[in-house]
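K.L.:
The whole structure should be built from the sequences, with the hints applied where relevant.
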Amino acid sequence: MNTSPIESWEGAEAYFTFADKPAIMMLFLLLAVAITAGTIIIAAVHEKHAYNNH
Amino acid sequence: MEQELAALTERLAALESASAMSGTINSEIFYWWCTALMIAIHAGFLAYEMGASRVKNVLASGIKNILAFAFMVPTFYFFGWYIYLAFYNGLIPAADGAAGLPWDMSMGPNLADNATGIFWAAFTLFAATTASIFSGAVIERIQTAGFLILAILLGSVVWILGGAWGWHPTGWLTVKFGYHDVGAAGVVHMVAGFFALGVLINLGPRVGKFNADGSPNAILAHNIPFTITGLMLIIVGFFGFLGGCIIYMPGEQWINIYGQPATLSAFAFNTLMGMAGGIIGAWVKTRDPFWMMSGALIGIFAAASGLDVYYPPVAFVLGTFGGFVVPMVAVWLEKMGIDDAVGAFPVHGIGGLIGVVSCGIFAAGYPNVDGMPPVSLWGQIVGAATMAVLGFVPGYVVSYILKVFGLLRVPDHIQEKGLDIVKVPVSAYPESYTPGPVNTATPAAAGTPAE
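In order, the protein sequences belong to chains V and C. When we follow the numbering used here, the leftmost residue of the first sequence carries the number 1, and every step to the right adds one. When we follow the numbering used here, the leftmost residue of the second sequence carries the number 1, and every step to the right adds one.
No lab work stands behind these hints, which were simulated from the structure alone. Think of the CB as a built atom: it goes at the ideal place given N, C-alpha and C, for glycine as much as any other residue. There's no promise every hint is true.
[Claimed, not checked] Footprint (simulated), chain V over chain C, 3 or more residues, beta carbon under 8 Å: (1) 105-117; (2) 166-172; (3) 406-412.
[Unchecked claim] Reference excerpt, derived from the structure (chain V facing chain C, CB under 7 Å, subset only): (4) A32; (5) A34; (6) A44.
P.N.:
Put into structure tokens, the structure is as follows:
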């Protein structure tokens, strides 16, 4: 898989992976958001279990 | 002759280009190290919170603080930076804020943009500082999930909205009122302190903090040297924080966040003088090493709004005043039945308030740029009131909602047992722990340790 948005460094600007593929950028962004939000949910569930077990 | 002239012109252009790039890279380096120093603030809060906790809660307090740092980074990337760039007019976003959206081409490696990443990083660490300020106030009885929601709200939404309004070259508080707060006494410390107060009202005190008749009990820090070291680390980190409050202009004089000329020397004079005054004021009032180190912070905050313009003895006097007065606020808060475990509201909320308002008294009349109003007492009062409301209301309302849904407070029987044994898979002191003697003959003038 070619993740590079550039073929040469000459005149390159935004050169991060998938900079030329907005759909894949969005996919990773949404994945990062889901991890962040999901971890908070996991924290809440973990705490409820921990409190119920004590 | 013409060939020599052309060669000289070419060399001059190359030199100018090299000089400009050198300036750009120097700017990146400066903010890189400011950001690195600011991590010391978080390390300091971590040490302080763990030291201020009882043995049964040490690691839970540490985990909470580390998670605040971790969650601040992605959330400030997702929406914090956008809020700063877009909401400088109030609550309606401006179109040019789109540069802060996480899918913008400047929000990642870009050879045409050396600035965005480094400024985003510095502001993210400011956000982590606000979350840490709040974190200490609620130790030993807040649930992790509720805490994280509140920390994200404060660090990646609320304070940065205050930053867009009052710590931005075209923020409405600056444009309309000449609000002046170069060291973020209002936009960081007041907002975080008042947010913490709003949460504390709904969270309630730690089990055992107050007796049935409302009289307070001292809940002693388990490791006093650790707390004092933590406070010193916070002070070290604030030199990075305040360095990040001034703008490096390659080839030109520094400017402050409002575009007014400034020097890093001014910051050096007044940060140290304010800090020293704060230590002395707190020592005179309390004789308590907790408050002496907290006084150092209070002194910095009390001088923070006018760090760029004060005559250094003014910063010293303001620091002394803050260091003397703020411990009394902590005592008052305790009498009101509010358990602020580390004095976050007095130190940051009131210390910041002193900083903002005193700037309107002692720096009134300093000119602004681009036709904006000069510094005035009225402008500073409007700014202080805005920051207090902006901090308090979201903190109170969202913590109330979390309370209703059972996500705010750790049940009392779990608090009594201790959080570490309930939710942490390791022990802070697995081999032994022997409490030292407690001096009950000369209790501190102010009841609780503070940041």
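K.L.:
State for each hint whether it applies.
P.N.:
Hints versus structure:
1. Remark: the segment 105-117 of chain C is confirmed as covered by chain V, as 8 of its residues place a Cβ nearer than 8 Å to a Cβ of that chain, reaching the required three.
2. Remark: the segment 166-172 of chain C is not confirmed as covered by chain V, as 0 of its residues place a Cβ nearer than 8 Å to a Cβ of that chain, below the required three.
3. Proximity of the segment 406-412 of chain C to chain V, defined as three or more residues with a beta carbon under 8 Å from a beta carbon of that chain, is established by the 3 residues found.
4. A hinted interface residue such as A32 of chain V counts as satisfied when its beta carbon comes closer than 7 Å to some beta carbon of chain C; here the least separation is about 6 Å, so the hint holds.
5. Contact between A34 of chain V and chain C, as hinted, is not supported at the beta carbon level, the nearest pair being about 11 Å apart and thus beyond 7 Å.
6. The interface hint given for A44 of chain V holds, since its Cβ lies 4 Å from the closest Cβ of chain C, which is under the 7 Å cut-off.
Hints 2 and 5, counting from the list given before, are not met by this structure.
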